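Heads up: the sequence lines are chains A and B, in that order.
Residue numbering for the first sequence follows the numbering used here, beginning at 1 and increasing consecutively.
Residue numbering for the second sequence follows the numbering used here, beginning at 1 and increasing consecutively.
Since the hints were made in silico from the structure, they are not lab data.
Fair warning: this is a prediction, and the values are worked out from it, not measured in the lab.
Please note that a few of the clues may not be correct.
Claimed, not checked - Here are the simulated DSSO-like cross-link-like pairs (lysine-lysine), alpha carbons at most 27 Å apart as the crow flies:
no., chain 1, residue 1, chain 2, residue 2
1, B, Lys-320, A, Lys-86
2, A, Lys-86, B, Lys-300
3, B, Lys-410, A, Lys-108
4, B, Lys-410, A, Lys-54
5, A, Lys-86, B, Lys-410
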Amino acid sequence: MSRILVVDDESSIRLLYSHELADEGHEVVTSANAAEAVEKLKKDDFDLILLDIKLKNESGLDLLQRIVKERHNLPVILCTAYSCYKDDFSAWLADGYVVKSSDLTELKHEIRRVLEKKGTRNTKKGR
Amino acid sequence: MKTECCWAKDVVTAAECPYVSADEADLCASLELRLVARCLECPRFAGDLDRLAEDSGPVAKAMRILAAEVLRQKAQLNTMVGFLDSRNMEIQFLHEIGGILQTSLGLDEVLSAALTAITAGKGFGMNRAFLLLSDKERRYLKGYLGVGPRNYQEAWDIWAEIGRNDYTLREMAMQFHETKLSAEKDKFQDILEKLTVPMGDQGHILNRALQERRAILVHDAFHNPDVDPQLARTLGVDTFLVLPLISRNRRIGAIIADNFITHKPITPQDMHSMETLTFPVAFAIERASLYERMHEDLSKLTQANAKLREQQELIVRMEKLALLGKITSSIAHSIRNPLMIIGGFARSLMKNTGGNDPNREALETILTSAKELETALSETLGYADSVFPAVDQWDVNQLVGNVFREVRRKTEGDGILLTLDLAPDLPATILDYRQMAYCIKKIMSNSLGNMSPPGELRVATRLDGDCILVEIVATADLSVAEEPEGAMDPAPAGGEFSGDMDLSFCRVILENYCKSFIVEEYEGKGRRYALRLPLKKEGADHEQNSGRG
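Working from the sequences, and respecting the hints, build out all of it.
What follows is the structure, given as structure tokens:
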């Protein structure tokens with residue numbers, strides 16, 4: 001079981017992710033904005049962050065930079081309605097990029113891929 | 001003394017004097033007038049004077065001397081009057097030809113007037129005239145136009161025709177320009193081709209005339225050491241006149257005139273008269289040349305202006321499309337989140353809904369609709385994203401290869417063979433990767449959509465002069481019977497898109513980036529799209545960067 005932090009300003013999307021990812025066996029914690037997410041990151045450990053790019057009045061990419069700087073081992077998947085940020089240099093810091101869709105198959109697949117990669121990395125470090 | 005002549009009478013009749021006619025009443029009635037005008041030339045009067053001198057002594061002798069002097073002065077006066085008359089006619093003629101030249105702007109019009117003036121009987125009456133003009137680089141004098149008959153028969157016909165029609169010089173020049181000019185050029189083509197003289201050949205008689213800025217009358221051309229024997233053979237005459245054409249120190253060309261048919265001698269007076277003509281002719285030729293060049297420049301300017309207007313219209317269209325793209329993007333993104341929520345929860349609910357649940361069908365409908373909307377949304381966003389250009393240096397092969405592989409993944413098993421042929425070592429070029437990829441993808445997808453298997457979609461790149469050619473050839477039964485050009489026509493500015501909006505938009509993008517963009521039928525069994533992308537020029541980086549800033 002992995003602990004996933006979902007950062008999205010849309011409450012319905014947070015709820016949808018919570019249901020769907022819980023069904024996949026993950027423990028989901030949600031945040032509506034960057035400040036709340038930072039607070040939760042300070043208090044708890046997470047295996048992965050699902051981060052929206054367009055948060056209300058703030059940019060998910062700024063938060064991404066901060067996470068990478070402070071918690072560089074924590075993988076982040078950008079989950080956004082915009083496909084164009086894929087070419088944005090600052091989005092390349094993320095471990096994955098998924099365009100929002102009603103079909104969460106791709107997202108789940110990406111989560112598995114990133115977690116497996118993280119697991120492999122941690123195992124290697126453990127050795 | 002009895003006089004033999006009637007000169008002593010105050011009044012005479014025509015019957016008495018053979019030098020006075022009946023209608024010359026004033027002479028008959030006046031001894032004074034008659035004596036000066038007629039008697040002095042009368043041999044009987046001279047005989048009377050001789051006898052008077054013998055009989056009457058010194059007075060009669062003096063009278064005889066005076067009479068001889070009066071006669072001499074009278075002859076001199078007549079010669080001068082004749083000379084003045086001819087000069088007057090020449091001035092009138094030059095005035096007329098000057099007027100024609102002044103009002104003629106076309107080069108051929110000017111040349112027609114000049115050569116007509118030299119060859120017409122009302123002009124200088126030479127048999128033939130050849131005009132040589134210097135080329136643009138002023139390296140050669142080249143035969144441009146010849147005028148006149150080639151043989152006696154033709155000369156006879158021409159002069160008979162001129163005799164029948166009493167044309168003025170202006171009318172003759174105009175008629176020559178309108179009806180005979182091209183025929184005359186053809187008629188003398190063989191001679192004109194041989195009349196090519198390097199302007200650097202200072203010893204050549206034509207160059208000498210230009211250098212010394214004076215007309216040269218050539219005699220005994222076949223044996224004259226100053227004359228190129230080939231020129232003499234080409235002209236076929238031993239006497240001809242060379243007239244330099246100089247305007248404001250610029251060597252415009254030369255005229256060669258001769259009397260090939262009549263062999264009438266050319267006098268120094270003829271030469272000087274024609275020399276006077278060469279100044280306005282040279283000036284008119286230069287003016288006509290400048291006028292022609294101005295027209296060429298004007299034409300280029302008009303074309304550039306039209307191109308500029310097209311570009312401006314394109315920019316306006318792009319701006320409108322960009323605005324449309326922004327609106328579309330904004331709407332599409334605001335739809336995507338709720339759509340995801342609707343579809344996501346419907347899918348979530350579906351998982352816990354049994355096969356017999358009455359709500360399952362409704363949930364499936366919601367899911368299908370959400371899926372359809374998401375597909376439409378992706379298309380719309382793809383279009384909207386491509387509106388905002390971000391140009392940079394790109395490897396065309398990488399771009400084409402990426403698009404090709406993406407399209408191939410989606411179409412595997414469709415029965416259409418997809419082939420990729422990339423030329424190695426293509427240089428980088430400036431383009432917007434996203435926009436160009438969008439266009440190539442759209443062209444490929446659209447072609448595949450219109451093809452029935454079996455068929456082939458070939459994508460190739462190669463260097464083509466100063467461009468990179470991207471070629472997409474679809475060969476199969478094309479299900480859409482449409483004119484190739486019309487297939488990608490953009491919608492009229494501000495109007496509705498008539499066909500496929502994406503393809504119309506592609507044309508706008510491609511016309512912006514490509515040196516040329518062609519859609520054409522391919523060997524009667526398909527369609528070919530040819531995109532010629534200009535290569536990156538020196539300094540393009542700098543321009544690009546400063547443009548972005």
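Each hint, compared with the structure:
A threshold of 27 Å between alpha carbons decides the hint, and for B/Lys-320 with A/Lys-86 the separation of about 26 Å falls inside it, so the pair holds. A C-alpha spacing of about 46 Å is found between A/Lys-86 and B/Lys-300, which places the hinted pair above 27 Å, so the restraint is violated. Straight-line distance between C-alpha atoms of B/Lys-410 and A/Lys-108 comes to about 22 Å, which keeps the hinted pair within the 27 Å bound. For the hint pairing B/Lys-410 with A/Lys-54, the CA-to-CA distance comes to about 30 Å; that exceeds 27 Å, so the pair is violated.
Of the supplied pair hints, the one linking A/Lys-86 and B/Lys-410 holds, its CA atoms being roughly 20 Å apart against a limit of 27 Å.
The structure fails to meet hints 2, 4 from the earlier list, while all remaining hints are met.
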